[in-house]
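Starting from the given sequences, assemble the full structure and let the hints guide the process.
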Amino acid sequence: MIIMIAAVAENNALGKNNELIWHLPNDFKRFKSLTSGHHIIMGRKTFESFPKPLPNRTHVIITRQKGYQAEGCIIVDSMEKALAVCPEDKNTFIIGGGEIYTIGLPFADKLEITRVHHNFEGDAYFPEINDEEWKIIVSEYNEKDEKHLYDYSYQTFIRK
Numbered sequence: 001m002i003i004m005i006a007a008v009a010e011n012n013a014l015g016k017n018n019e020l021i022w023h024l025p026n027d028f029k030r031f032k033s034l035t036s037g038h039h040i041i042m043g044r045k046t047f048e049s050f051p052k053p054l055p056n057r058t059h060v061i062i063t064r065q066k067g068y069q070a071e072g073c074i075i076v077d078s079m080e081k082a083l084a085v086c087p088e089d090k091n092t093f094i095i096g097g098g099e100i101y102t103i104g105l106p107f108a109d110k111l112e113i114t115r116v117h118h119n120f121e122g123d124a125y126f127p128e129i130n131d132e133e134w135k136i137i138v139s140e141y142n143e144k145d146e147k148h149l150y151d152y153s154y155q156t157f158i159r160k
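UniProt numbering puts the sequence shown at residues 1 to 160.
The calculated label-pair distances, taken between Cβ atoms and stated as ranges, are: (1) E99 / P53: 16 to 22 Å; (2) K66 / Y141: 44 to 50 Å; (3) N142 / T102: 23 to 29 Å; (4) E48 / E143: 31 to 37 Å; (5) G37 / T102: 25 to 31 Å.
Hints are computed from structural coordinates only; laboratory data are not their basis.
All values derive from a computational prediction rather than experimental measurement.
Beta carbons are placed, not taken as given, at the ideal position from N, Cα and C, and that holds for glycine.
Written out as C-alpha cells, the structure reads:
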C-alpha cells in the first residue's frame with residue numbers, strides 16, 4: 001500500500017524555508033511509529049532538512065540533480081522509479097515535500113494526515129484532498145497542551 005503521511009495546516013501549508021512551522025511531539029512519535037521499518041519516499045530538500053537519515057527506514061530520494069548522492073539512500077529521478085524500488089508487499093510512505101506530495105497523490109491508496117487546526121504562512125503546500133476521491137475513515141481530535149501549541153487531528157483517508 002502506498003501511504004502519504006503529512007502534517008498539514010488548515011490552509012494546507014506544510015512548511016516554510018524547508019522547515020516545519022509548528023512543533024508537535026506527538027505527531028513526531030506517530031510518524032516514527034507508522035514509518036519505522038518501511039521505505040520512505042521524499043524529495044531532496046526534505047531529505048536535506050533532516051540532521052541525519054531517519055533510523056530504521058529505507059530512504060528513497062527523488063531529485064533532478066544529476067550525480068546526487070546520499071550515503072545509504074536510493075536516488076531516483078521520478079515517482080515511478082521511486083515506487084519501483086519499494087517492495088510491493090509492504091507499506092511505502094511518501095513523506096514530502098510539497099512537490100513530491102503533488103506528484104505522489106495519484107499513486108496513493110491512503111493518506112495519514114495530521115491536521116493542524118490553524119492557518120500558517122508557508123512556501124510548501126499539500127495538494128487539495130478531493131472529497132470525490134477520498135473518504136475519511138478515522139478522525140481523532142487532540143487539544144493543545146503544554147507541549148503542543150495548536151489543536152490537531154489525526155485523519156486517515158482511503159481512496160474511494
